[in-house]
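Heads up: the sequence shown begins at 720 in my numbering, then just goes up one per residue.
No wet-lab data here; the hints were simulated from the structure. Note that the coordinates shown come from a computational prediction; the quantities given were computed from them, not determined experimentally. Each hint should be verified, as a subset may be incorrect.
[As the list claims (entries may be wrong)] Computed spacing ranges between beta-carbons, pair by pair: (1) T722 with L815: 26 to 32 Å; (2) E825 with F729: 22 to 28 Å; (3) W730 with D802: 52 to 58 Å; (4) P774 with S818: 17 to 23 Å; (5) L782 with Y840: 50 to 56 Å; (6) M843 with A769: 47 to 53 Å; (7) A785 with L738: 36 to 42 Å; (8) E825 with D744: 26 to 32 Å; (9) R772 with D802: 41 to 47 Å; (10) L836 with L724: 56 to 62 Å; (11) N740 with V810: 50 to 56 Å; (12) L748 with V783: 38 to 44 Å; (13) F819 with R772: 19 to 25 Å; (14) F786 with F819: 33 to 39 Å.
Think of the CB as a built atom: it goes at the ideal place given N, C-alpha and C, for glycine as much as any other residue.
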Amino acid sequence: LETQLAADAFWKIFLLAALPNPLFDLCALVCGSLDVSFATFFGAVAAAKALVRTPMQTCGLALVVAFGQAPAGAPSAGLGLLDAVRTGWVVLTSLLFASFLLSTLEQIAQARAVSELQGEYARMLEAS
Numbered sequence: 720l721e722t723q724l725a726a727d728a729f730w731k732i733f734l735l736a737a738l739p740n741p742l743f744d745l746c747a748l749v750c751g752s753l754d755v756s757f758a759t760f761f762g763a764v765a766a767a768k769a770l771v772r773t774p775m776q777t778c779g780l781a782l783v784v785a786f787g788q789a790p791a792g793a794p795s796a797g798l799g800l801l802d803a804v805r806t807g808w809v810v811l812t813s814l815l816f817a818s819f820l821l822s823t824l825e826q827i828a829q830a831r832a833v834s835e836l837q838g839e840y841a842r843m844l845e846a847s
């Protein structure tokens, strides 16, 4: 078992950490008992959660919020919560997009100002 885990341990841990499953706790125990290095284990888990699991869960939540419908015969009280979650999601993503847009415009303006100042400085040097 040790030799099988040692070969490509990073990718095996990455795969188990990327998918939500109850066996990952067992994987962590086995890695600890077989002396898999902390850097390999933590790197694989962090990469799997950051690159695969979190985006997958975010997209799943977005799909539920965007296209979620109450089943036939379900009480309408649940729709109030669904509408609140949908509205909150739209507001949050709108604020994040606006923040990104504002930051981008500010960086463009700063780059232009620096370019103009450098041009003025070069002209002043040529004149003197």
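Status of each hint after checking the structure:
no., hint, in the structure
1, T722 with L815: 26 to 32 Å, "violated, 47 Å"
2, E825 with F729: 22 to 28 Å, "violated, 39 Å"
3, W730 with D802: 52 to 58 Å, "violated, 42 Å"
4, P774 with S818: 17 to 23 Å, "holds, 20 Å"
5, L782 with Y840: 50 to 56 Å, "holds, 53 Å"
6, M843 with A769: 47 to 53 Å, "holds, 49 Å"
7, A785 with L738: 36 to 42 Å, "violated, 23 Å"
8, E825 with D744: 26 to 32 Å, "violated, 45 Å"
9, R772 with D802: 41 to 47 Å, "violated, 28 Å"
10, L836 with L724: 56 to 62 Å, "holds, 58 Å"
11, N740 with V810: 50 to 56 Å, "violated, 33 Å"
12, L748 with V783: 38 to 44 Å, "violated, 33 Å"
13, F819 with R772: 19 to 25 Å, "holds, 23 Å"
14, F786 with F819: 33 to 39 Å, "violated, 25 Å"
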